[in-house]
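Undergrad: Chains as they are written, first to last, in our numbering: chain A, 1 to 382; chain B, 383 to 504; chain C, 505 to 639.
Fair warning: there could be bad hints in the mix.
Here's a subset of chain C near chain B, in silico, CB distances under 8 Å, partners left out [what the hints assert, rightly or not]:
no. : residue
1   : 544
2   : 547
3   : 562
Sample of chain C residues with no beta-carbon within 10 Å of chain B, all distances over it, derived [as the list claims (entries may be wrong)]:
no. : residue
4   : 510
5   : 512
6   : 539
7   : 543
8   : 546
9   : 548
10  : 597
11  : 608
12  : 612
13  : 625
14  : 626
15  : 628
16  : 630
17  : 633
18  : 634
Just so you know, these hints were derived from the structure itself, not from any lab. Remember, it's a predicted structure, so these values are computed and weren't measured experimentally. All residues carry an ideal CB built from backbone N, CA and C; glycine is no exception.
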Amino acid sequence: MHDYIIPIGPQIQSIKEPTCLRIKLKGNYIQDARIRLGYAHRAIEKILEGKTVEQGLVIAERICGICESAHSQAYIRAIENILKYNPPKKVRYLRTLIAELERIHSHLLWAGFMAHEIGYDILFMFFWRERERILEIFEKITGGRVHHAANKIMTVRYDLEQGDIKFILDRIKIIEKRISDYLPAYRKNNIIRARLVNVGTIARQDAKRFCLVGPVARASGISDDIRKADPYAAYKDVDFNVIIEDRGDALSRTSVRLREVLESANIIRQLLASMPEEKIPAYKKFSIKSAEACGRVEAPRGENFHFIKIRNNVIGRARIRTPTYNNLTVLEQLLVGMEIGDTPVVLDSLDPCFGCMERVMMVKNNRTQILSEKQFRRKCRV
Amino acid sequence: MEKKVSLKSFLDEIRRFRKARLITITCIDEKKFRLIYQFDERGKISSLTILLPKKKPFVGSISDIFPTAQLYEREIHDFFGIEFKGNTRLHEKIFLPEGWKKKPPMLKDLRSATTAKYQEMI
Amino acid sequence: MIKKSPWICWFGGASCNGCNIELLALFTPRYDIERFGCLWKSSARHADILIVTGIVNKQNKKRLLRIYNQMAKKKYVIAIGSCAINCGPFKAYNTVGAVDKIIPVDIYVPGCPPRPEAIIDAIIKLLGELDGKKG
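Whenever a hint applies, use it, and build me the whole structure from the sequences.
TA: Structure (structure tokens):
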């Protein structure tokens, strides 16, 4: 019997993003997995060179459509470190509000995808129905559903109006109730447990060795959260817990994310209860001769890190490290030994956000022969 | 905390960070190549900088101590042309298309299309 | 027949995923495009409409052409978002160009990203065009 290397992707309908996994199979079990990136490569670091700081902010927001304010906030944190500027309380509260709303929206989006991978399309529809309420809030306060452009350097672009606080609280209340109802379904339903328990387990020392970040690390017992370790915006003023579990499998990762939704709803209530009454400051021009600094935030998927070097008011080098990029090496090790049917669950439980159909390779007697489509069809007919 | 090291003492200095978490490796193209290794030690960012010459730059790989460094080193090799000795998967292309034969794209003498337009506008 | 139930296949180029999630929101209970008979199909051979989001870059170009050729003769293409229409802000060493340089496009939906109502409007306009035509 020969071994086969099959590609999964780049045109896959399950993960919604182009990426190619080359999996070496023996029977039903995976022996080796290699990931091939580059399909969503847009050369952002190169494009940012030569732009002014304000232009760079517009591009930085469009790196990702799901964790969009995390990127703009990390960029702004780096620039405000250079300018040595501490924003006033209202600005910090409004930025935190957007960040926590985005965390809820991103986790609900992911929870829907995970349910779809298992085959529970009804849960996918339920999660996305709740998510629409968050998009209504975004539209009411900032004007955009996906790209809000809410954060600006040294200030914010939107302010809360007369009925906004009640509008937000009504919807948060519904979401809290519904997610508290759906969470036991994940924990107790036998079919979901059969697909998720002990699948893709990452032990605590492996998580430390691979330097993992985000809910993936927190599900393996590492208590690492930038909101507590290196606080920014209004996180020093609110009271919240870092959610940790210790099993490290796909069910723990799901449970951490859904419990984080409830924790974020709690943070939003505290922020709205003590929202200051002052006005947001007007936009001020600034000029930076030559400096470099880094800024990092806790995006929904982990630690988002921006390093920016400015020369003569223009960006000289921007280095952006997103959390998914950091967590990719562990994926290749995780898949070894699993069945091919578990691949979408493992890949999705790491929550990849990355923006070939070449041919099948046949490995025979350690010599690789690449089959064309015609040759592959002939083999299948036998 | 920022520290500059030379090529000789590089691996010893890296070993001092083995309990820390590697955030990323950044490469900047100036008069020489400046490689910055950024670590997170209990919430504080520490960085280790090393300067490499422009002609045939090479440095030792740290992917046996930090497995995630394998991805960062492959990326810097594709985009800047720096050789990391000891990284077994260095020559697998990571972001660039398979048949890329031109110069490494992030070098300073190559400008992106939009940068060139912007420079004309000023 | 296409007018009563157009089946959709999606091609994702290099994008930030904003347009993709607005497209996916069409199949959820709030917008519910299935009342027009649309279904999401994984294979281009089953689909009538190809929806393209994102930029075409050197890694994607051949795949896009191949998927376009896999579809049956009566096919329509909708390009969604400013990245698919003219690359948005992302022209670099990697990009090939707008989608209509590679395949012919029938409808353009501008926006960054366009609202789901705009995408539904585009599909309805496309179906209205088929009025009086066979098939």
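Undergrad: Now tell me if each hint is right for this structure.
TA: We went through each hint and held it up to the structure:
no.	hint	result
1	544	violated (29 Å)
2	547	violated (25 Å)
3	562	holds (5 Å)
4	510	holds (33 Å)
5	512	holds (28 Å)
6	539	holds (41 Å)
7	543	holds (33 Å)
8	546	holds (25 Å)
9	548	holds (22 Å)
10	597	violated (5 Å)
11	608	holds (25 Å)
12	612	holds (22 Å)
13	625	holds (31 Å)
14	626	holds (29 Å)
15	628	holds (36 Å)
16	630	holds (33 Å)
17	633	holds (36 Å)
18	634	holds (38 Å)
Checked against the numbered hints given earlier, the structure breaks hints 1, 2 and 10 and satisfies all the rest.
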